[in-house]
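Let's have the full structure, built from the sequences with the hints guiding it.
Given next are the chains, with one letter for each unit.
There are 2 protein chains.
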Amino acid sequence: MTVHQYIEVNRERFLEKLFELLRIPSISAIESHRPDMDRCAELIIATLLEAGVDKAEIYPTDGPSIVYGEKMVNPDAPTVLVYGHYDVMPVDPIELWNTDPFEPVVKDGKIYARGADDDKGQAFMHIAAFEAMVKTGALKCNVKFMLEGQEEIGSKELTKWCEKHKELLQADVILVSDTSLLGMDTPSITCGLRGLAYVEAEITGPNRDLHSGLYGGAVPNPINVLSKMIGSLIDDNGRITIPGFYDGVYEHSFAARDEINSAPFNNKAYADSIGCAALCGELGYSTAERKGTRPTLDVCGIWGGYTGEGSKTVIPSTATAKISMRLVAGQDFNDITEKFIKHFIAIAPPSVKVKITPSHGGYPYIAPTDTKAYKAAAAAMEESFGKKPLPFYSGGSIPIISTFERVLGIKSILMGFGLDTDAIHSPNESFRLENFYKGIDTIPLFYEKFAE
Amino acid sequence: MTVHQYIEVNRERFLEKLFELLRIPSISAIESHRPDMDRCAELIIATLLEAGVDKAEIYPTDGPSIVYGEKMVNPDAPTVLVYGHYDVMPVDPIELWNTDPFEPVVKDGKIYARGADDDKGQAFMHIAAFEAMVKTGALKCNVKFMLEGQEEIGSKELTKWCEKHKELLQADVILVSDTSLLGMDTPSITCGLRGLAYVEAEITGPNRDLHSGLYGGAVPNPINVLSKMIGSLIDDNGRITIPGFYDGVYEHSFAARDEINSAPFNNKAYADSIGCAALCGELGYSTAERKGTRPTLDVCGIWGGYTGEGSKTVIPSTATAKISMRLVAGQDFNDITEKFIKHFIAIAPPSVKVKITPSHGGYPYIAPTDTKAYKAAAAAMEESFGKKPLPFYSGGSIPIISTFERVLGIKSILMGFGLDTDAIHSPNESFRLENFYKGIDTIPLFYEKFAE
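Heads up: the sequence lines are chains A and B, in that order.
For the first sequence, the UniProt record's numbering begins at 1 and goes up steadily by one.
For the second sequence, the UniProt record's numbering begins at 1 and goes up steadily by one.
FYI, nobody ran anything at the bench for these hints, they're computed from the structure.
Careful: at least some of the hints might be erroneous.
Stated by the list, open to error - Think about it this way: if two alpha-carbon atoms lie no more than 30 Å apart in a straight line, the pair counts; the simulated DSS-like pairs of lysine-lysine are:
#, chain 1, residue 1, chain 2, residue 2
1, A, 268, B, 353
2, B, 372, B, 160
3, A, 353, B, 268
4, A, 268, B, 355
5, A, 342, B, 268
6, A, 164, A, 411
7, B, 342, A, 268
8, A, 160, A, 339
Please read these numbers as outputs of a predicted model, since none were measured by experiment.
Quick look at the structure:
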């Protein structure tokens with residue numbers, strides 16, 4: 001039986017296995033879901049063992065556990081370290097989901113569930129492909145699996161764990177599916193990831209909520225103040241105003257920019273796909289550049305005062321915003337966080353107090369396209385899709401990828417099979433069945449070419 | 001027995017009666033509290049009948065009911081129409097209350113409960129004073145009571161009801177206790193009230209929540225946009241930037257401003273009392289003027305995106321703010337609402353949608369100090385406090401007061417006995433026992449002098 005035949009025979013079983021994982025609400029951002037994280041880690045161990053690893057082990061950490069498994073076929077063969085994550089994003093606004101986020105359903109050829117794509121679906125493709133190679137005797141590389149439960153909140157424990165287990169994790173390449181294709185007709189391999197600096201900023205005006213009539217006009221309103229401060233962080237040209245924010249930002253050459261802008265892209269269709277009448281962003285850059293090679297500042301959450309039904313006339317004591325800055329090559333999240341804090345305090349009026357809590361951060365990443373691993377991935381995708389993949393600079397962040405490079409000295413290949421329409425991090429996240437199986441089919445081709 | 005003696009004998013009973021009212025969570029802004037509104041109205045009817053009205057009746061409306069009661073002693077005597085409200089503000093943030101907002105307690109000489117001051121405590125003073133006058137044969141005026149359950153959300157039903165019952169409501173003055181004294185040593189009568197225009201503004205960017213990495217930098221973020229728009233509404237001099245906002249605003253004469261600023265006031269103590277290192281507001285005006293005679297724009301609530309634990313990296317679909325504008329003599333809330341809508345739409349970038357929902361509004365009010373009613377109130381307070389009261393321009397809004405003038409043609413006397421430290425609309429609202437009984441003692445003096 002060929003690897004492909006094995007996969008065909010086991011299509012339904014693979015899907016059911018994935019569903020078992022998707023049913024566990026392993027939300028890392030919400031502390032009360034810790035037991036779910038544990039259940040999920042246990043299930044992955046069982047799945048890896050069933051798939052054919054020699055050993056699989058749970059490594060407890062101060063956060064969710066790390067799952068490690070391996071199969072060593074030949075000390076002289078190349079070693080592939082597979083990385084993925086079993087934690088998922090929170091599901092709110094829950095009322096916008098058409099079905100239970102943790103009861104996967106297939107509809108119109110798509111799996112709907114939180115984590116269907118990001119990253120349970122994509123990570124499981126590797127376990128399924130591995131099983132197919134093992135059971136058909138096709139596996140020619142050593143394989144190590146490393147699955148964490150903290151990717152969505154910064155991979156802090158995995159970073160420490162990698163520092164402690166450099167020997168165990170020795171490998172020739174790290175293979176990751178946690179990104180998207182430009183399209184089913186435009187296969188791509190992600191060569192750039194943005195970094196991230198995430199902070200929570202709280203403004204305190206009066207020490208208690210005040211009546212907006214009796215006090216209004218004479219006291220600082222923290223929502224007005226916070227709004228004005230946030231509003232000033234991006235100028236009318238879409239440039240971020242924090243002093244030194246763009247220091248060292250990698251400017252792509254005109255040739256590289258032309259290549260980035262050669263990928264098929266239609267601004268109108270893109271705007272339509274998200275229901276916006278117009279796009280916006282930094283002056284002088286295309287949409288592909290804005291979301292791939294330029295840094296950003298987005299408020300991810302804001303709250304303060306009365307948010308219930310009706311109209312309460314109050315000046316609240318505090319207002320708070322969660323702010324995400326996506327960083328690109330040349331920016332360091334610690335440096336950017338410091339610059340943000342310094343600037344935000346500097347622009348606050350003397351009537352309010354400012355409290356900034358840095359959350360997590362991550363370095364940007366750039367992968368070269370002239371390595372053996374990249375070439376194997378490109379060849380595998382070309383065989384599977386019938387088309388040479390484009391190198392792609394993604395706007396997303398997978399901070400751990402640059403950490404791997406810094407700590408383990410290993411480059412990663414980001415061979416993802418999602419689509420931008422999968423609505424990851426949003427209500428009704430989905431993953432197309434076609435992409436799920438295309439991933440399982442393509443991964444063994446990578447191993448085959450990488451072992452040559 | 002004199003009126004004063006009657007009040008002394010019944011101190012405890014009056015307090016227990018008030019507590020019964022305070023135990024009912026009659027929150028008009030939250031629809032699910034409608035049964036509590038009904039219970040509260042029923043209890044007031046019983047209380048009025050017990051106090052000695054000839055008749056008392058519940059008038060159902062499309063909102064909470066209106067309670068009316070009257071005692072006609074002599075067709076030739078002047079008639080006093082007492083107005084108050086039995087609805088209260090919502091209680092969130094509930095976690096900041098030291099005790100249950102609907103289980104009144106007395107601590108350090110203060111009644112703690114939602115509505116202790118605003119307005120159950122102050123309205124009940126009138127019922128108690130009325131009972132004392134009736135039972136001691138001292139009542140020399142006709143009295144009409146009108147208590148509504150929608151003051152905190154705009155008195156819409158009462159306005160319609162007044163239009164229908166002009167005959168029933170004929171009176172020589174409307175007497176209201178829903179305001180504060182400048183201090184126990186600085187008695188005052190409120191001569192000005194600010195109006196109110198309240199709107200909810202929603203900004204929609206993408207039609208769903210998006211991943212802030214994959215899309216960030218290329219699409220409109222409704223929180224960033226809303227913040228910038230709000231931030232632009234007040235300039236660096238504290239002036240509101242909506243075109244035409246200040247058209248027609250009544251500018252007090254230098255003499256009047258001197259009088260307003262002659263009331264004892266300490267900016268440092270005021271800032272300390274609310275825990276702020278500095279005050280702020282419109283350039284060129286004192287704190288007393290800023291909160292009494294100048295219009296404002298305060299965001300009372302804002303929300304959008306992820307507001308839970310941890311750090312979700314999302315560009316939300318929508319962001320929303322509740323905005324209150326306090327208006328002064330010369331401004332019309334309909335006109336200001338229109339100007340706000342027009343301006344807010346004009347400053348929105350083309351990439352977002354704007355939806356503005358006007359909530360409620362109210363006209364400002366100015367009371368003359370040369371009327372018989374004002375003079376009776378001033379004489380009553382002087383006798384009770386041993387000091388002539390100051391005319392005071394309050395920053396609060398009681399929209400129905402200007403409605404009374406427009407619909408019924410009757411001026412109101414705002415003889416309130418609260419203090420600014422009562423934390424109305426805030427957690428731990430309170431009302432000093434001393435003020436409660438001072439009010440009950442002073443009200444009969446007003447009737448006595450008004451009947452002369």
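Ascending list of hint numbers which this structure does not respect: No hint contradicted; all consistent.
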